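*Asks:* Here are the chains, one letter per residue:
There are 4 protein chains.
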Amino acid sequence: MEKVNIGVIGVGRIGRLHARNLKYQVPGTKVLAVADIFEKSAREVAAQLEIPIAEKDYRILLENKDIDAVVICSSTDTHAQIISEAAEAGKHIFCEKPIALDVDKIDQAITAVKKAGVKLQVGFNRRFDPSFKKAKELVAKGTIGTPHLVRITSRDPEPPPISYIKVSGGIFLDMMIHDFDMARFLLGQEVIELMAVGSCLVDPAIGEAGDIDTAIVTLKYENGAWGTIDNSRKAVYGYDQRIEIFGSEGCIMVENEKTTGVIVNGANDIRSDKPVFFFIERYREAYLAEMEEFIKCIQENKVPPVGGFDGKISVQMGYAAKESLTKGSFVKITK
Amino acid sequence: MEKVNIGVIGVGRIGRLHARNLKYQVPGTKVLAVADIFEKSAREVAAQLEIPIAEKDYRILLENKDIDAVVICSSTDTHAQIISEAAEAGKHIFCEKPIALDVDKIDQAITAVKKAGVKLQVGFNRRFDPSFKKAKELVAKGTIGTPHLVRITSRDPEPPPISYIKVSGGIFLDMMIHDFDMARFLLGQEVIELMAVGSCLVDPAIGEAGDIDTAIVTLKYENGAWGTIDNSRKAVYGYDQRIEIFGSEGCIMVENEKTTGVIVNGANDIRSDKPVFFFIERYREAYLAEMEEFIKCIQENKVPPVGGFDGKISVQMGYAAKESLTKGSFVKITK
Amino acid sequence: MEKVNIGVIGVGRIGRLHARNLKYQVPGTKVLAVADIFEKSAREVAAQLEIPIAEKDYRILLENKDIDAVVICSSTDTHAQIISEAAEAGKHIFCEKPIALDVDKIDQAITAVKKAGVKLQVGFNRRFDPSFKKAKELVAKGTIGTPHLVRITSRDPEPPPISYIKVSGGIFLDMMIHDFDMARFLLGQEVIELMAVGSCLVDPAIGEAGDIDTAIVTLKYENGAWGTIDNSRKAVYGYDQRIEIFGSEGCIMVENEKTTGVIVNGANDIRSDKPVFFFIERYREAYLAEMEEFIKCIQENKVPPVGGFDGKISVQMGYAAKESLTKGSFVKITK
Amino acid sequence: MEKVNIGVIGVGRIGRLHARNLKYQVPGTKVLAVADIFEKSAREVAAQLEIPIAEKDYRILLENKDIDAVVICSSTDTHAQIISEAAEAGKHIFCEKPIALDVDKIDQAITAVKKAGVKLQVGFNRRFDPSFKKAKELVAKGTIGTPHLVRITSRDPEPPPISYIKVSGGIFLDMMIHDFDMARFLLGQEVIELMAVGSCLVDPAIGEAGDIDTAIVTLKYENGAWGTIDNSRKAVYGYDQRIEIFGSEGCIMVENEKTTGVIVNGANDIRSDKPVFFFIERYREAYLAEMEEFIKCIQENKVPPVGGFDGKISVQMGYAAKESLTKGSFVKITK
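Chains as they are written, first to last, in our numbering: chain C, 1 to 335; chain D, 1 to 335; chain P, 1 to 335; chain F, 1 to 335.
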């Protein structure tokens, strides 16, 4: 089959990572162009990765007939607009999460995608982590019978800058959104209502910015199972990404990955290495696998496994959590 | 110091275990007598353990001037009454949990104990488990800084008989009561309110008996930390007893104990042994240690580390959970 | 069936442990008497455990018609003589290892036992450890196919006193003897030759006493498998007792048991507890199980699973190792 | 600094891997050319990785003035000759192990390298594995005091083809050579003598080809420490690559890496994933890191950490092991 020609829009840390993966590790693709509102960044990345075209304006990429698909890694507030324009231009779309913080905008983007008949894949990278993916597959094939309880632990090694927290939508929309998606993914079931608690325990500055840094959300699934997610903005021991699915016939766990396999047995205790530092290290394989899947969906004309609906509902769950936190009671997920 | 002479009241499974531990493994004690409403049981145990006195009526033990302390392991509905009578008779008291399902009766028992000036220790055995005890001590000395999150997993290998569930007070009073106590113990802080969810997922017969078998409770501590407890009446892989305390400077976990240390690396996977079966195996050391502590408190005239107040508040937490489950919102703990 | 009446000869640490286990935890037995050349010790133990008879001279126990069996825990140099006399007196015999440091004396003791038709069990306690026992059973039922490699790690937390080393026969006879027995036990095969290396790396005083403190022995089994044993007199992290059996269809490992299940995730590393301190803690269940087996063999008239031949060959392996260390080549095991 | 221009000689599996790593993941390099006696392979790789030059004859690369360094991944019997020619041509050299099976040829190659003053790095990739590297660093900084015992387990998931075994020099030269290097690397000490045992337990065809498939080698280090290496050509559970260094102050272990972090707690046992399949997966990071180091040594004019002497002595250890296997006694390492 023909190579899929790609344009990457936004080449900050995650955009560069995708561009590099596509360029070097995904056969059947060609990264034709990058765009970034910081033109210098676009040029640097293009030079480094030997990409022919570097632009300031992403619209030039959308007008380029040779480009089959775009990977949107620009700032969140631009996602929905670019999706709509890319869809109109007939480009397939990979977009980092969240699609938007405004559900109406998400709807507009989804509508544009549907109308154009292009592919849309949303960047819930964790679904492509080999461990979580296997856990989900085992659940799906009944290894643990009927699921009763899901538990997701998701703690960052350090909080983002306060400036980010002010515009991110807060912990439920910038951080727990991944866990909401994971909760749905693991069981292949929707959550019908949820209840959030939390407070500011890590850093008062986060509270002053209007957010919390520690949260627990209890989930009720459509089929009767229950779930909990806990988040902290700061785990001193590193990125803590564990899940557990308990069912009538067993319990699946995914443990953290350690930096090395070294164990030191000493006079006082036994010491092993901490979990890998953060998402770039932890989800290295997942970032690559999601791109491979996106390209495959284009080549084989398949529906991407994580699309507009997933992008929308995870945001709706975030808003439900915010509402629940205020109300102190369960809040239903609006669909 | 003089030997502490003990009478054991109620010699079902747990009464026998205490009698045997006291007889054979706790120096400084003498098990003088056992009583059981099934006189035959009392006689059997006395014969087996070479205990001089076996009675049907516990009151005979209370009247015996040589007996210094009683260990109450009779059915729950008799605990409060026997405590009061034993206190009046000047006996020190170890009583299995719960003291009663009726908070007024607990108050009466506590009042009787205070009036008589005797010791009362309540059978929250898990506090004496070496792993949980060490976890608590590490928290207390600041190893993980300020605690933010507590997580308690407590799943039984199999449900109790339906007949038991009908009189036990239900999952929050017969099972999660241990976890409520553990939650308070680990942080050395009170829980001020809690929120319960749950349903009947394991066995419909449990639902027909008016109980649930799967539950998650979210806790708010007085100092701002949050906790979750999850319970299931049936974990096919065995007794699942894990805790986690996450704080500003680290995270303490206690893992399950496995039956053996054997690991089999095979062509398909790596297999290790399941957790030990149930509480008798898992808390073998804890049952002994709580008795040693009780005897030590008598000999050294110290206040037992887990007493009437602990027995009462854990029951109140159970009722708060029941109320929360019905209301669908947080319920404050009445003190 | 009738109770088996026991006399314990030698009530140092291990004699007391057996007496206590027999008294309190092995149904179907009665500890009638203890003897110790330190009469005071015998009296103390008898008083503490409520044993009727305490003697200085073990011969009084052998003359006692009520005694069915003796448990020999006196010093090694007395074992063979007491076995012979006990056999002549018609007593069943449990004897701590080694039977003797002199193979001729072992032969005489075995002959006496055979002639008298009494049971003889030798105290290779590790065979009764639940983990090692399970490992052996899995090998026997073919879980890992044909065994190719056996690896035994056996390191003490601290060296014995130099005075002990001077009379013990050295590392191969006082320490590795357990591992020689384990090597035979795990595969149910004899070792036909072995090669020893080692030196004094822990403490020069051990070298001055004529012994080494660090040793590796390579074993060749009759059926073609290979084994290695490594010993150190001092592992600062505690008693290190691991095994591994590698075969055509997999690999069985037994890991160390940790003091508690506590894990501390900190800013620098993940810390867990050290292995349990030493043999008393590590083999608590094994010491009890070997006594239960001994009593069962008497009651059911069965041959003890670890007897005179096992006691003899392990000593012969020890001498072969000493010879190999000097020669620098493989030495065959004399049978 | 200028980019280092590279030519890769031999583009079988490992040559492709190096070419790809250099092309995509090592900044500061440019892969200018590839050569392979199968010209088609050279062309394919060049096309796939967009490398300008593809030749059948490696000499064309050596004559190319733009090429600074060569990476030799051709068949073992060509290594020494190409090293000599490359040195004469003034190219820096990375060469896969072993340099040659003939020690004289190794000497000639080393002499040529010295004369030309170029860099030579030998492909002992495992030294660059993050876990083994950290273990070595901890030993070097005294974390476990004075090393007493080293243990290396190295078992392949499946034997190589018999045709390979016939020309490889056998298990000590094609497989254990890595472990000999690791043994030296971990302690930073030379082995002065060794003793090998082994036999053919996996597949009789290996024996018919004149090799063994199961081996244990005991090592004596210059400073008095002892080591063991065990090899098997077939571990059904996957690539088993573990080490252990025991010293006066503790014990460092490196465990296997598992395919995923999934754990399934079931009714019969707890199952986790097997080790990663083979060297390509296990040493992914190491293969990259060794190339980064090679390039860095060129750019910063440093001596590569693993060079000609290491390449030679590991082969000499292999021959010593072969001799020891025949003789049945220790054999000194000739330097």
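Just so you know, these hints were derived from the structure itself, not from any lab. This one's a predicted model, so the numbers in the text were calculated from it and none came from an experiment. Treat the hints with caution; some may be incorrect.
Chain copies aren't distinguished; within one or between two, either way the pair holds.
What the hints assert, rightly or not - Below 25 Å or equal to it, Euclidean Cα-Cα: the simulated SDA-like pairs (lysine to any residue) are:
{"id": "1", "residue 1": "K40", "residue 2": "Q299"}
{"id": "2", "residue 1": "K115", "residue 2": "E255"}
{"id": "3", "residue 1": "K258", "residue 2": "E88"}
{"id": "4", "residue 1": "K258", "residue 2": "L32"}
{"id": "5", "residue 1": "K322", "residue 2": "S41"}
{"id": "6", "residue 1": "K234", "residue 2": "G266"}
{"id": "7", "residue 1": "K105", "residue 2": "D273"}
{"id": "8", "residue 1": "K30", "residue 2": "S41"}
{"id": "9", "residue 1": "K105", "residue 2": "R43"}
{"id": "10", "residue 1": "K134", "residue 2": "C200"}
{"id": "11", "residue 1": "K166", "residue 2": "E2"}
{"id": "12", "residue 1": "K296", "residue 2": "E208"}
{"id": "13", "residue 1": "K302", "residue 2": "A205"}
{"id": "14", "residue 1": "K258", "residue 2": "R284"}
*Asks:* Indicate, hint by hint, whether the structure satisfies it.
*Replies:* Hint check results:
1. K40 with Q299: neither (32 Å within a copy, 28 Å between copies)
2. K115 with E255: For K115 and E255, the Cα distance exceeds 25 Å both inside one copy (42 Å) and across copies (52 Å).
3. K258 with E88: neither (45 Å within a copy, 45 Å between copies)
4. K258 with L32: neither (37 Å within a copy, 37 Å between copies)
5. K322 with S41: neither (36 Å within a copy, 59 Å between copies)
6. K234 with G266: Only across copies: K234 and G266 sit 12 Å apart there, 28 Å inside one copy, limit 25 Å.
7. K105 with D273: Classified as neither; 44 Å inside a copy, 43 Å across copies.
8. K30 with S41: both (20 Å within a copy, 22 Å between copies)
9. K105 with R43: This pair counts as neither: shortest intra-copy Cα distance 31 Å, inter-copy 50 Å.
10. K134 with C200: neither (34 Å within a copy, 28 Å between copies)
11. K166 with E2: Neither. Shortest intra-copy (44 Å) and inter-copy (44 Å) distances fail the 25 Å Cα cut-off.
12. K296 with E208: neither (45 Å within a copy, 47 Å between copies)
13. K302 with A205: neither (46 Å within a copy, 45 Å between copies)
14. K258 with R284: both (14 Å within a copy, 16 Å between copies)
In terms of the numbered hints stated before, the structure departs from hints 1, 2, 3, 4, 5, 7, 9, 10, 11, 12, 13, listed from lowest to highest.
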